[in-house]
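From first to last, the protein sequence lines are chains A and B. If you're matching positions, the first sequence starts at 203 in my numbering and goes up one per residue. If you're matching positions, the second sequence starts at 867 in my numbering and goes up one per residue.
For the record, the hints were derived by calculation from the structure and aren't laboratory data. C-beta: ideal position from N, C-alpha, C; glycine also. Honestly, I wouldn't trust all of these hints.
Now the stretches of chain B that chain A is said to cover, found in silico as 3 or more residues with beta-carbon under 8 Å [to be verified]:
1. 938 to 945
2. 960 to 969
3. 1017 to 1025
4. 1028 to 1042
5. 1080 to 1086
6. 1281 to 1292
7. 1299 to 1313
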Amino acid sequence: MELLGYAPEIWLPFTFAALMGGSILLYVILDGYDLGVGMLTPFARTEEERDMMVASIGPFWDANETWLVLAVGLLLVAFPVAHGLILSTLYLPVFVMLVGLILRGVSFEFRVKARAKYKGLWNNLFFVGSLMTSLAQGFMLGMYVMGLEMTVLTVLFATICALGLSMGYAFIGATWLIAKSETSLQRDAIHWARRSILGAVVGIGLISVATPLVSERLWDKWLSFPAMAYLAPLPILSLLLLAGLWQSLSGPTYSVTTRAWRPFVGALGLFVLAFIGLAYSFFPYVVPERMTIFEAASAPESLIIILFGAMIVVPTILGYTALAYWVFRGKTKTLTYY
Amino acid sequence: MMDALILSRIQFAANISFHILFPTITIALGWFLLFFKLRFQWTGDLKWMEAYRFWVKIFALSFAMGVVSGITMSFQFGTNWPGFMEHVGNIAGPLLAYEVMTAFFLEAVFIGIMLFGFSRVPNWLHTLATFLVAFGTTMSTFWIIVLNSWMHTPQGFEMIDGVAHATDWLAIIFNPSMPYRLIHMLLASGLTVSFLIAGIAAFRYILGDRKETVRSQIRVGLTFGALLIPLQIFMGDLHGLNTKEYQPAKVAAMEGNWSDTDGHTPLILFALPDEDARENRFEISIPNGASIILGHSPSAPIPALDEFVAEDGTILHPPVNAVFWSFRVMVGTGFAMLLLSWGSLAFLWRRAEDGRRFAIRRLPKPMLWALVPMALSGWVATLAGWYTTEIGRQPWLVTGVLDTSSAVADVPAPMVLSTLIGYLVIYAALLFAYISVIIYLAVKARHNEPLTELTPSSGGAVVDAIAREDRGVVPAE
Ligand code: HDD
Ligand code: HEM
Ligand code: HEM
């Protein structure tokens, strides 16, 4: 089955890499904001405020995490050899991430169902779980950028990435809260966003500077002539977005609150741009510098059958996800089962 | 020091055993919630709404536990069993992908609307969301059981250079053991929840909570339990016949039959299989029993373990003790369920003084008390059943295709050991918290006034107070 003149051995891996990239991006944005809110919970002024923060993500977190399951699933089905290699190399950070996801996922429920005197404990676990997850993801991102090599320098780099990504999540989480909350919580969220944006900038900046230095291939990819011209919009747009975000956040509070969705959209734009940069760097590798998507792909007949399903199901999923966001649109109200 | 293979197996078994506890509850509880909601809509009786409100909390909690342990599961294949995906990934991959696409997203999105949308969306949409969540959990079960059953009875593929390639997807999906395993699992879930509902309600009743909703829940749990258990025993028998045909070594281990190959094989009620001497000690058995059950004739031959030892002495059958005993635990629990549900219904059938049937008062104290520990009987039987199934497949990971030792990752053993300990500690703590919270919710429900009105906004202080307490704003004591 050829497509636009390409053999299935070429276009199928490419399509699956795109699908996988798409779900990683969606995951990072969606779970990014709810992990971010989780990391901000200790800064809530009152218990009501904390309940509100949790309520703003309550109906969404499960579906957000499902994009991670899909991304890992696609890695598993489309590039099984790479999946084994990546996950067994990142064995420990994956474990830390999973423990984090377990703790925060169950704390959502336990904090309101357990005896009131334990609520503080579950609040803490909710925070710790969110933090562990974000740090572990940032660490894995750093290791991946460094080609999964374990040296003192790469581990140091990965550690900084861990902090950077966590700040990035906290930032998009704060902008989510600006959009979904009112009054004092909203004012606090603006404050948090101003703080965390700096961390995010440092994180993105550092990865951008380090990437070309990792290998000659990446150096040429970014800093040779025609490429530089095509790529120029990426850093330029990012800087413009940052400037815009900074201006809207540092202005008087009322101007933020009347356009409450703007910071979130700006943060989203930043994530997308950073993601495009990373995707450009790695393509066509699925394990950096070691294995391309074409070498790692599984048998075409299995990929076709998944693709067939995905073409029908993924639009449906996007459809009912939109329905859920519409049902819970507007400012967050307290969560009740009835 | 144990090697990475053993540790990875223990870790995988621990993870999936923990995971299965929660889907077992949510699969059927989703349908029960729909049942409670529809009963309320048809009868207008608020006791059904109270049942819904109580169980929806336990559903939400179980669902969260299921999701987080499930996410862990989806990483296990890569971290611990890369060989599995390398050899059979072309088959397992699409099945897992379909599970994510058709089931996980469905439940994950609609659970938000189901849990928190009650007063935000029209009633029909809420009912639809409840239905879709129940449907989604059932679809999950379908796809994962397809994969698991294919590992037991693989077909519809060809091996090229040691890698399985699909040739016929319908044959893969409808592999010989799939229908039996799927139905048996769905019934297991139904039974687990029936006894959970009856058990928790009995516990509330014993604590002095005599609300109408509590009595109704005991009746609902017992009735569904009594209806499902005969079906389950019948299905289990069919499942066994199917296994005898496709995995005879497993049946030989379940029956503890070492050497009888010429029929008249007894049904062993108790024995201590000795794997070195290859015989049973202290055997108590019913003559011809196994032949009659599995072959429908006293002289029917039954697979024997000795048939599965190669010329050079290599053992090709699963470990006997584990399979033999877990099978007996499952069947024993099944018969305990049969006895208790039908026994209780027989007592309830007798008329009370006012001439009405099904008065919970008529239930003898010991039976009421027995219902409480039986709340967890479904868990016991389900785990035991899965151990029979999975250990019975050894030494194969995919019957006849891939053996377990060639699938393990080469992660250093100490690393696996440390994560294994980590998981065990967390799981033990969470299990403790989960059970404590269910008990706490049951104890707390005693203080709720019976519902008199539905809408929280017009329903006045009581409902409001419950709602606030559920958010944890007001301390419960
Ligand atoms: C409430 C739970 C429950 C109860 C009461 C029973 N089972 Fe069961 N059984 C399961 C829950 C279960 C299970 C956990 O769901 C298993 C594991 C895999 C499967 O499909 O079902 C299982 C597996 C399983 C197998 C293994 C088949 C294989 O994998 O080759 C057999 C032969 C039976 N069952 C037979 C029975 C019989 C004869 C029962 C009569 C009392 C019985 N089960 C009661
Ligand atoms: C949910 C109930 C299940 C339980 C309690 C369970 C339990 C177990 C146990 C105890 C083993 C170890 C057997 C041994 O090493 O002797 C095992 C092995 C395994 N099972 Fe399951 N299993 C379940 C379902 C599944 C499903 C649905 C799948 C796949 C889709 C699966 C895939 C595997 C794999 C890949 C192994 C290999 C690891 C090993 O042999 O230890 N299991 N399982
Ligand atoms: C017989 C065995 C299994 C059954 C019956 C089963 C069923 C379910 C069900 C019903 C859910 C929905 C969540 C819930 O209700 O708690 C779920 C969640 C999940 N399961 Fe399993 N499962 C089994 C084994 C596995 C295995 C082997 C894997 C790993 C590949 C797995 C991966 C997952 C994942 C990732 C989730 C989370 C989905 C979400 O985000 O909503 N499950 N499972």
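Here is what the structure says about each hint:
no., hint, verdict
1, 938 to 945, "holds (count 6)"
2, 960 to 969, "holds (count 7)"
3, 1017 to 1025, "violated (count 0)"
4, 1028 to 1042, "holds (count 4)"
5, 1080 to 1086, "violated (count 0)"
6, 1281 to 1292, "holds (count 4)"
7, 1299 to 1313, "holds (count 5)"
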